[in-house]
Amino acid sequence: MKIRYFAWLRQRTGCGEEEIALPDGIATVAELAAWLGERHPRFAEALAARGIVRCALNQVYVEPDAAVRDEDEIAFFPPVTGG
Amino acid sequence: MKIRYFAWLRQRTGCGEEEIALPDGIATVAELAAWLGERHPRFAEALAARGIVRCALNQVYVEPDAAVRDEDEIAFFPPVTGG
Amino acid sequence: MVRVQDEPFDVGAEIAAFSWGATHVGGIATFVGLVRGTHRGERVRAMTLEHYPGMTEREIEAIEQEARRRWPLDAVLVIHRYGRMKPGEPIVLVATASAHRAAALDSCAFLIDWLKTRAPFWKCEETDHGECWVEAREDDEAAARRWL
Amino acid sequence: MVRVQDEPFDVGAEIAAFSWGATHVGGIATFVGLVRGTHRGERVRAMTLEHYPGMTEREIEAIEQEARRRWPLDAVLVIHRYGRMKPGEPIVLVATASAHRAAALDSCAFLIDWLKTRAPFWKCEETDHGECWVEAREDDEAAARRWL
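Protein chains in written order, with the numbering used here: chain A, 1 to 83; chain B, 1 to 83; chain C, 1 to 148; chain D, 1 to 148.
Hints were generated in silico from the structure; no laboratory data involved.
Where a beta carbon is used, it is the ideal one built from N, C-alpha and C, also for glycine.
Honestly, I wouldn't trust all of these hints.
To be verified - Footprint (simulated), chain A over chain D, 3 or more residues, beta carbon under 8 Å: (1) 2-14; (2) 17-25; (3) 32-44.
To be verified - Taking beta-carbon pairs under 10 Å as the criterion, some of the chain A residues facing chain D (in silico): (4) F6; (5) A7; (6) C15; (7) E31; (8) F43; (9) N58; (10) P64; (11) V80; (12) T81.
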């Protein structure tokens, strides 16, 4: 699966995107985020601040309980500030 | 004083503007309009349809009880439809 | 700034010239009203706008001042035509610039709503059945009352 | 129509090319968002907008569809830039055309309100104290909620 990070989450993880295999026992966006937090401590910090990390699954906004599969693209980012 | 008519009030009175001397006993816009209605029967008809004739005194909207003087410019017109 | 004129105006050029380069402006809202080719199902060939020279400018300037009193605006432009126009031609342009998006958007809507019920203009349409003065619309009055 | 692009765009030319000549259009509303030269009292030298290619277009198109579902619109244009911009440069243009004034004005405000809280863009400002990611604003969230 492809994991993407944007804005200051990209800077804190030190990577814009990474390819990983769906880890065993991970079924939802929330579980995946927690697992990724072990690789990227500063991503874990951001996750701990509730409401600050948004998630898109295959380029569509989803809630933390959305199911993930190995072929998905999952993106994490802060609240948007365009316009 | 100068009396002006616009839009279909201009067409019904047959004149865009006319100069008159302030008639004796006329103190307000409403009294003046009634007096003008005797000169222009179709203006009187329009006045009879309440709310359909607007008035400006020296180019500022006024209510029928506004006082008029001989040096004023008084305009009568239907509700506006610009924009 | 208020301009009342007989001549057509170029919407793109007017907007391009409006308030750019002021680096504290965060948002510019514009509204353009156009002559429609139909009215109540009838084809409109052309339209003539009569106005009250002098009072028109005075009244639009008063509406501009009211907008500036209500919102923090960096610039305001109102151009309104009179005379004969064809379908598709611009009648009126309102543009507002502000540091804040909501101020630009709200004041632009306010200006056109009040213009439509207060500025002394009258539309006379030419249709296949002759000429006809357009009647004032209750929903324009309702739109203007939102701001009272 | 939705365009997401790195290149600057010419606001006057875009608006001039937008939906003119359709004689059933009675009103065109536009909003332009610009880079401001100050933010929280600090001078902003430049700003870089990061975005999520693919999702950005998809999300703005979804917002356009929602606007078309809510209002009778003849045309919609959204142009949004990404990349590095200087104060005074346009970031975003929204334009809507409708037979009805209120539909054009309301849908234009709706589009920019939802864009600001849903389209995946992130602003990073360059000030005298270095680079700083702009934080989301509660009043943008409040503006977006008006339409729910």
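Against chain A, does the region 32-44 of chain D show at least 3 residues with beta-carbon separation below 8 Å?
-> violated (count 1)
Are there three or more residues in the region 2-14 of chain D whose C-beta lies closer than 8 Å to some C-beta of chain A?
-> violated (count 0)
Does the interface hint hold: is E31 of chain A within less than 10 Å of chain D, judged Cβ to Cβ?
-> violated (22 Å)
Does the CB of T81 of chain A sit less than 10 Å away from some CB of chain D?
-> holds (5 Å)
Would the stated hint for N58 of chain A survive a check requiring a Cβ distance to chain D of less than 10 Å?
-> Where the cut-off is 10 Å and the nearest Cβ of chain D is about 9 Å from N58 of chain A, the hint holds.
Is the interface hint for P64 of chain A satisfied, with its Cβ closer than 10 Å to some Cβ of chain D?
-> violated (18 Å)
Against chain D, is A7 of chain A within 10 Å by beta-carbon distance?
-> Status holds, d = 4 Å.
Could you check if F6 of chain A really has its C-beta closer than 10 Å to a C-beta on chain D?
-> holds (6 Å)
Hint check, V80 of chain A versus chain D [nearest Cβ-Cβ separation less than 10 Å] | holds (5 Å)
Have a go at the F43 of chain A hint: is there a Cβ in chain D nearer than 10 Å to its own Cβ?
-> violated (15 Å)
Should the hint that C15 of chain A touches chain D count as held when the rule is a Cβ pair under 10 Å?
-> violated (14 Å)
Against chain A, does the region 17-25 of chain D show at least 3 residues with beta-carbon separation below 8 Å?
-> Violated: only 0 residues of the region 17-25 of chain D have a Cβ under 8 Å from chain A.
Of the hints listed earlier, those the structure fails to meet are numbers 1, 2, 3, 6, 7, 8, 10, in rising order.
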